[in-house]
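Enquirer: Kindly generate the complete structure, drawing on both the sequences and the hints.
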Amino acid sequence: MKITLNVMRQAGPGAEPRLVAYDLVGISEEMSFLEMLDVLNEELTERGEDPVAFDSDCREGICGMCGIMVNGNAHGPERTTTCQLHMRSFKDGDKITLEPWRSTAFPVIKDLVVDRSSFDRIIDAGGYISVNTGAAPDAHAAPVNKGDADRAFEAAACIGCGACVAACPNASAMLFTAAKVTHLGLLPQGQPERDARVVNMLAQHDAEGFGGCTNIGECAAVCPKEIPLDVISTLNGDLQRALVHGR
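Its first residue numbered 1, the sequence shown is counted upward by one per residue in the numbering used here.
Simulated from the structure, these hints should not be mistaken for laboratory data. All C-beta atoms in this analysis are idealised placements derived from N, C-alpha and C, irrespective of residue type, glycine included. Nothing false has been slipped in among the hints.
When the alpha-carbon atoms are kept at most 20 angstroms apart in a straight line, the in silico DMTMM-like pairs for lysine to aspartate or glutamate are as follows:
id	residue 1	residue 2
1	K2	E35
2	K225	D120
3	K146	D230
4	K91	E35
5	K225	D57
6	K95	E43
7	K2	D38
8	K2	D23
9	K2	D94
10	K110	D38
11	K95	E35
12	K95	D38
13	K110	D50
14	K225	E60
15	K95	E78
16	K110	E42
17	K2	E43
18	K225	E154
19	K2	D92
20	K110	E49
21	K2	E29
22	K91	D23
23	K2	E42
24	K91	D38
25	K110	E16
26	K110	D57
27	K91	E29
DEER-style ranges, computed between Cβ atoms:
id	residue 1	residue 2	range
28	R47	D150	46 to 54 angstroms
29	V144	D124	23 to 31 angstroms
30	D115	V20	18 to 26 angstroms
31	E30	A221	25 to 33 angstroms
32	P192	P169	31 to 39 angstroms
33	E42	Y128	40 to 48 angstroms
34	C58	P107	21 to 29 angstroms
35	D50	A149	47 to 55 angstroms
36	D115	N6	19 to 27 angstroms
37	A141	E42	49 to 57 angstroms
38	C58	R241	34 to 42 angstroms
39	D230	V25	43 to 51 angstroms
40	P169	A203	19 to 27 angstroms
Expert: Following this line, the structure appears as structure tokens:
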């Protein structure tokens, strides 16, 4: 395959972004998208040019580090992580535009790499259980309704990749925040901090500069782990509960 990459290059946080075109030949359709970027960077290095900076870690669709806007779509044309996208999703001669996630709360570090530590601060605000339980209890010691367990597991699948933010016209992180609130709020261990959790995590979400949710649904449409949109309804229910309790 021969493809043309239009890559948004940005030398640093304060630098001016610019689109740079690169032609690649001999690309196999069996390559992953990130392997194709590795080929590009090998060529750039051989020419003495600065390679394109992009994030990756596990390359197995687990960690969520690899997020890129591909032709205007978060992670690309398939509903998967960028590392699990393959070049067979494109055609010979295609032109592909690569951009970083765009959000005030995700400042660009370099090229396609953004700072997603705002997600970490939302988790720090309440996305945890701090009850001192002593030794690890037996797995069956705290009965959990199967429906709640299944929904908690579904919400826990969120990998924090940021695709929901990148796809949302408001750059809202509500799907991410709601997934964490829903996951812990459905479990017995999450009840003591349930009210404080939703209030504090939402306050941090807004403090980070993420936009508000207007139920457009683009977040759930691109989520590689298929987090359902209605976790946001669960978050809103938990918020109402917290307000009734005087939080």
